[in-house]
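Colleague: Sequence:
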Amino acid sequence: MKIKELVSYRTWRKLFYMRKKIGAYEVVTPWKRSPALTVPSHIIKPNYAVSGIPLDSPDVAEKLSTEELEAMRRTCLLATDILKSLKNFIQVGVTTESIDSEVHKLCIENNAYPSPLNYHGYPKSCCTSVNNVACHGIPDTRPLADGDIINVDVTVFREGVHGDCSTMFLVGNVDDHGKKLCSVAKESLDKAVSICKPGVPFSTIGEVIEDYVRSHNFTVIPAFLGHGIGTYFHGVPDIYHFRYEGDNGDKMEEGMCFTIEPVVGDGSKEVDILDDQWTSVTVDDSRTAQYEYTLLITKDGVEILTPHHVP
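The opening position of the sequence shown corresponds to residue 0 in numbering that gives the first Met the number 0, with each subsequent residue numbered one higher.
Any given hint could be a false lead.
Claimed, not checked - In the DSS-like style, the derived pairs of lysine-lysine whose C-alpha atoms are separated by at most 27 Å in a straight line are:
(1) K190 - K83
(2) K83 - K104
(3) K178 - K268
(4) K185 - K20
(5) K31 - K20
(6) K179 - K86
(7) K83 - K178
(8) K62 - K44
(9) K44 - K83
(10) K178 - K86
(11) K190 - K268
(12) K298 - K62
(13) K190 - K250
(14) K62 - K190
(15) K185 - K86
(16) K178 - K20
(17) K190 - K86
(18) K20 - K179
(19) K196 - K250
(20) K44 - K104
(21) K250 - K298
(22) K86 - K31
(23) K104 - K179
(24) K179 - K83
(25) K86 - K104
(26) K298 - K190
(27) K20 - K268
(28) K196 - K298
(29) K268 - K185
(30) K185 - K83
(31) K190 - K179
(32) K31 - K104
(33) K178 - K190
(34) K196 - K62
Source of the hints: derived by calculation from the structure; they are not laboratory data.
Sequences are here, hints too, so could you generate the full structure?
Modeller: Encoded structure:
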């Protein structure tokens with residue numbers, strides 16, 4: 000009898016991609032979680048807050064008005080401040096659910112809505128992706144362990160626009176390989192940002208990131224893209240972090256806002272989405288690292304709207 004007939008497809012994939020774990024870390028699986036937190040009635044909410052279904056975004060990248068751009072700067076700065084404030088909060092023993100509660104509290108205190116909450120039904124106010132969780136980790140009751148690397152993704156909605164950013168936090172004593180993985184992920188983002196300006200093809204972003212990541216013997220996880228952002232949470236343009244054969248040739252234009260957010264791994268490029276329909280884990284339990292900026296293309300170059308740095 001074939002192995003596929005003896006075990007689940009997910010287990011078969013794990014066996015197929017099995018490899019020796021590199022570095023010292025715990026393989027993370029979902030734990031119990033509490034219900035979603037509530038948002039007071041006075042907070043202005045995005046169109047999906049109740050239904051969970053966002054309105055369709057435009058077919059072309061929006062260019063914000065002068066007033067909207069100023070709102071975008073303020074909203075992105077708030078997202079950045081919330082993310083940076085977590086530096087001293089995140090430590091061994093803290094649960095990812097408590098991180099979510101802290102992010103939620105700071106959003107409400109600043110009259111902002113936590114954008115992930117109920118977006119396509121997502122049940123929490125931020126994403127927390129630890130070790131082998133590549134993206135969209137749902138905060139739960141698992142305490143952070145010594146040696147964990149965790150991505151926290153914070154997006155806020157205020158003044159009619161969204162600001163999106165994420166960074167890695169090193170918990171306790173992280174091994175050298177884990178530190179290098181995080182460094183290469185951050186450096187790949189910075190190199191991609193450095194080439195952004197009007198007239199540059201979006202495809203150049205993926206070329207720069209993939210070349211840099213591969214030169215350090217890591218991989219880009221192709222399942223996750225950057226995206227247009229502004230009055231909508233996710234929309235055009237799609238930002239590929241690798242060489243994409245289906246590229247349509249679109250170029251950057253002044254006034255465009257979008258994110259760059261490569262997920263860099265030290266093993267397989269393949270991921271599985273768990274039964275919660277959100278948590279994406281590497282098929283071989285390898286670790287990943289991700290950093291994200293929201294960017295604005297200006298007349299002569301690019302402005303980082305979420306200029307966080309959490310060493």
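Colleague: Hint by hint, say whether it matches the structure.
Modeller: Each hint tested on the structure:
1. Restraint check: the Cα-Cα separation between K190 and K83 comes to about 22 Å, which is no more than 27 Å; the hinted pair holds.
2. Distance hint between K83 and K104 is fulfilled; the C-alpha atoms sit about 15 Å from each other, no more than 27 Å.
3. Between K178 and K268 the CA atoms are separated by roughly 19 Å; this keeps the pair inside 27 Å, and the hint holds.
4. Distance check on the hinted pair: K185 and K20 sit about 22 Å apart at the alpha-carbon level, within 27 Å; holds.
5. This hinted pair checks out: K31 and K20 have alpha carbons roughly 26 Å apart, not beyond 27 Å.
6. Our distance criterion of 27 Å between C-alpha atoms is met by K179 and K86, whose separation comes to about 19 Å.
7. Distance check on the hinted pair: K83 and K178 sit about 19 Å apart at the alpha-carbon level, within 27 Å; holds.
8. Taking the CA atoms of K62 and K44, the gap is about 22 Å. The hint holds against a cut of 27 Å.
9. Only pairs whose Cα atoms come within 27 Å are accepted, and K44 paired with K83 is accepted, the gap being roughly 24 Å.
10. For the hint linking K178 to K86, the alpha-carbon distance of about 16 Å falls within 27 Å, and the restraint holds.
11. Restraint check for K190 and K268: satisfied, since their Cα atoms lie roughly 21 Å apart, inside the 27 Å limit.
12. With a CA separation close to 13 Å, the supplied pair K298 and K62 stays within the 27 Å bound.
13. In summary, the hint linking K190 to K250 is supported, as the alpha carbons are separated by about 18 Å, within the 27 Å threshold.
14. With a C-alpha separation of about 24 Å, the suggested pair K62 and K190 falls inside the 27 Å cut-off, and the hint holds.
15. The hinted pair formed by K185 and K86 meets the criterion: a straight-line CA distance of about 17 Å does not exceed 27 Å.
16. Taking the CA atoms of K178 and K20, the gap is about 15 Å. The hint holds against a cut of 27 Å.
17. A threshold of 27 Å between alpha carbons decides the hint, and for K190 with K86 the separation of about 24 Å falls inside it, so the pair holds.
18. Distance restraint check for K20 and K179: the Cα-Cα separation of roughly 15 Å lies within the 27 Å cut-off, and the hinted pair is therefore satisfied.
19. Taken as a hint, the K196 and K250 pair is honoured in the structure, with Cα atoms around 9 Å apart against an allowance of 27 Å.
20. Taken as a hint, the K44 and K104 pair is honoured in the structure, with Cα atoms around 15 Å apart against an allowance of 27 Å.
21. Taking the CA atoms of K250 and K298, the gap is near 14 Å; set against the 27 Å cutoff, the hint holds.
22. Restraint check for K86 and K31: the C-alpha separation of about 25 Å stays at or below 27 Å, so the hint holds.
23. Proposed proximity of K104 and K179 is contradicted: the alpha carbons are some 33 Å apart, above 27 Å.
24. For the hint linking K179 to K83, the alpha-carbon distance of about 21 Å falls within 27 Å, and the restraint holds.
25. Proposed proximity of K86 and K104 is supported: the alpha carbons are some 16 Å apart, at most 27 Å.
26. In summary, the hint linking K298 to K190 is supported, as the alpha carbons are separated by about 20 Å, within the 27 Å threshold.
27. With a CA separation close to 15 Å, the supplied pair K20 and K268 stays within the 27 Å bound.
28. Simply put, K196 and K298 have alpha-carbon atoms about 8 Å apart, close enough for the 27 Å limit, and the pair holds.
29. For a cut-off of 27 Å, the pair hint linking K268 to K185 stands: about 18 Å separates their Cα positions.
30. This hinted pair checks out: K185 and K83 have alpha carbons roughly 15 Å apart, not beyond 27 Å.
31. A C-alpha spacing of about 16 Å is found between K190 and K179, which places the hinted pair at or below 27 Å, so the restraint holds.
32. Using a Cα cut-off of 27 Å, the hinted pair K31 and K104 holds, with the two alpha carbons roughly 21 Å apart.
33. In summary, the hint linking K178 to K190 is supported, as the alpha carbons are separated by about 18 Å, within the 27 Å threshold.
34. Of the supplied pair hints, the one linking K196 and K62 holds, its CA atoms being roughly 15 Å apart against a limit of 27 Å.
The structure fails hint 23 only (numbered hints given earlier).
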